[in-house]
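Given the structure of chain A, go ahead and fit chain B onto it with the hints provided.
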Amino acid sequence: MSGAELGTRLREGDLSAAPATLNLLESTAPADREQAKALLGEVSPASLGGEAPGHIIGVTGPPGVGKSTLLSALLRAWRGTAHEVGGQGRTVAMLAVDPSSRRSGGSLLGDRVRIEFDPADSGVFIRSTAAGERLGGLARGTRAAAQALAAAFDVVVIETVGVGQAETEVADVADTVAVVVQPGSGDVLQFYKAGIMETPDVLVVTKADLGQIALRTRRDLNAALRSLGVNGPGSTRVLAVSSLPPAQGIEELVAALEEHREGLDVAGRRLKARRAGALLDFASENGERGMRAVGGRRAAERLLEEQDPTLDTAALVAVLEQNASERG
Amino acid sequence: MSSEHSPRLPERDRPWMMRTYAGHSTAKASNELYRRNLAKGQTGLSIAFDLPTQTGHDPDDELARGEVGKVGVPVCHRGDMEALMEGIPLNEMNTSMTINATAAWLLALYIVAAEEQGVGQEMLQGTTQNDILKEFLARGTYAFPPAPSMRLIADMIAYTVEHVPKWNPINICSYHLQEAGATPVQEIAYAMSNAIAVLDAARGRLGSPPTPRAQELMGDVFGRISFFVNAGVRFVEEHAKLRAMGILWEQLGRERYGVQDERHLRFRYGVQVNSLGLTEAQPENNVQRIVLESLAVTLGRDARARAIQLPAWNEALGLPRPWDQQWSLRIQQVLAYETDVLEYPDIFEGSKVMDGLVAELLDGARAEMAVVAEHGGAVEAVGYMKAALVDSHRERIHRIESGEQVVVGQNRFTESEASPLTAGAEGGILIVDPAVEAEQIEAVRAWRAAREEAAVDGALEELARVARSEDSSENLMVPTIAAARAGATTGEWARTLREVFGGYRAPTGVGEATPSGADEELSELREEVARLQEKLGRRPKILVGKPGLDGHSNGAEQIAVRARDAGMDVIYEGIRLTPAQIAASALQEGVHVIGLSILSGSHRELIPAVIDALRKAGVTAPVVVGGIIPEQDVALLKQAGVAAVYTPKDFDITRIVRDIVALVAERNSVPASV
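Protein chains in written order, with our numbering: chain A, 1 to 328; chain B, 1001 to 1674.
Calculated directly from the structure, the hints in this document are not laboratory data. Be aware that a few hints might be false.
Now the stretches of chain B that chain A is said to cover, found in silico as 3 or more residues with beta-carbon under 8 Å [claimed, not checked]:
| no. | stretch |
| --- | --- |
| 1 | 1567-1573 |
| 2 | 1581-1594 |
| 3 | 1640-1653 |
Even for Gly, the Cβ is constructed at its ideal location relative to N, Cα and C.
Bound-form chain A, shown alone (with noise of 0.2 Å):
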């Protein structure tokens, strides 16, 4: 099937598009490209006539923290019939990003099987990725299924592990950033307060049923937030559930993200994404060289934020790579 027909099947919602669509654009053969560009051409605000309707969420955290049982309850909720209470009938797909070392090459992605879901059930759609290269980085392949799939899906969550430059990244492609820390995580609280981290749109503590650590660790959270003056209307929310049954805060932080979002400029904020993306991406194929011919990183910026807003990634990277070869 070409990328162009892909594309139309993403664009008219036909979900089952989504397993042929992360095989393209995880592909580095050639004509592979080719088809992949075709395929975000379909999908680009051009051809939707404005931004992909889904919501792309990342959620990223340390191991251990509670992340696959927490990412079950949030896919509970979500994908529950309308009729059920506090279900939302929302079509999902999760991008799990697994940070196992590349030693060999070769890695071991077992996670998607913590996640409980109905295999029956066509609305959910899981894939496991492998990190790109650089510490808590996204390959290219995420961050351009991210951006396509949120024309058919109603949900993108992309789940990345570690805290510090996992968040960073996922920023860069995601509407909403959810950090998740489980109680006493004293060393996530010192890095907001010594601006290490920029802040996420949304703080969970996981694990609530401890009680009073978890209170006191949202409480601490709350207060180092305050001193940075981030703590108010509109910026970060920080909230406890509890994942085991019986849940508690899944459905506050439903609607927490779903706040975030509609308080966003989701134009603005997937512009920004597409720009860093098409950096990501023309500096990960020229390298500095390729850099240096643009006349360095800043000039490179400022180029892209001459184009036409309703570009797509690859037509950004295009615009750089004809801007590289004029140049040079």
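Below, chain B without anything else, positioned relative to chain A:
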């Protein structure tokens, strides 16, 4: 002849208890088998339950498909247990049950079946295996998360110590750790750490602060804990291992739990000797392996087994027949009644070599126990221990692959005459009638229709209430026995608790496994994978999955780790997957090939079901299968669309992965490298 200085015992020792791990098809068929075995001189029962019973599923559950009556007997309700024990006097019998996640339930059914015979629970003798940590580590038949699982065990201990005083509520198993690749040091250390976790949990159920009565009960509890160990073919070191365990156990009792009564401090164990080392190639060699392994647990009187069951010579081929099991029973009888092992005091007393071996193992085990303690104890350290076992197993396989560890008939002395033992039409194994499953489904539905529904509902509601209760004086055994009496089923009991406790998936250990050393063969394979990646545009991706309820994941884990080390992207999903789950994963992940592993004998039903689900989902990737697959089933699987079948005789894992890579190349029309 006897004199002051006679080295002999004044009186020959009584033999250990002799059992055969048995059960299949139905309660009625298994009851007949047990009675025949007892008539042959077997002195105790060892019940093998089928996987649905072990994991808390009724025969009509989707996950039970293909597994009903396969590796053991299905026991679904009190009626099944009564049929299983019919004509066997439970006031005299000593019954060992290999049951863990659902141990409380099966003990309750046993208590109710005994009531029917007019035997009070205080008379019952036997053992429930009930060691859940090793299920997380090695065997895979868990049902609930770690914390509530430990509570179930602690409740059973507290209950039996008072009401079923001759029962061993738990058998701490080092057996399965060795099967999963544990070294002797790991086997000792993890089993002892595991015992500490259980004893600590039990102490918590006896009331705090500790009263004098609680301290007395703690002595009883300690005295009722027995072990289930393994013995490999290096039988001198294996014997030393058991002596070391005895020393550690006594020390633990005195120092950690304040136990003083000598009787309580004795290390008591039953044994099944090693199955991991049994080969499919030249299977007759397994007989001598089993005999030698038996020596490890019988030679020295100070560390002799209380009960022994031996595997059959053909375990690596399929399910043993009654005749195969009789052969193993006869090995025990020859050892006990014909040889002179039972005539002497401990023959290793004063041996410098034995003492030295014991000291070495003790040092290693204490150091490893300290590491587990640093992780916060055995429950917290499951992930650490699992990864360590996967690593040890990988090293063992590597030694066999390289020929450093000799396995006669497999990697050395492989020339062989044709074996008359496997020449029959059935290949020398037991074939369970596929009609059994349908019969059992009918039977459980009829049982549900005939019972008093309100009584069952009430009993399950009470069970749920106690499960939710945080009052440590509320013991889960009480509503469990009431539910058994009311006629609830295994699946209903487990589902009720799952709803309260939540489901669980144990760590697979593969993510943390250290990479294989780059030998030449693996390096070549990596180059081939890189070449294939170039042609495919994506890194070759494999899905490794275990359909059904079989929890024996060692083989699948080793394939997953080696495929990663060869440079593939590996989706490893662990155990207990439905065909629909496997198909959804294969489709969504865009894998190039699917590897399935089954050791429970359910491949005839499950593999075609998985392939059907895959093709319906539109997945065209080839499927390979590994496991205990009898020769005569290979053609059947290939007909169903399987591209290749691997059995225990294919011990070279790198070669298997190379085959798989070549298969992916061929299916994607990538020409072979020159």
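Against the structure, the hints:
1. Chain A is given as covering the stretch 1567-1573 of chain B, and this holds because 7 residues of the stretch bring a CB closer than 8 Å to a CB of that chain, at least three being needed.
2. Given a C-beta distance limit of less than 8 Å, the hint that chain A covers the stretch 1581-1594 of chain B holds, as 8 residues qualify and 3 suffice.
3. Under a criterion of three residues with beta carbons nearer than 8 Å to beta carbons of chain A, the stated coverage of the stretch 1640-1653 of chain B fails, only 0 such residues being counted.
Comparing the model with each earlier hint shows a violation of hint 3 alone; every other hint is respected.
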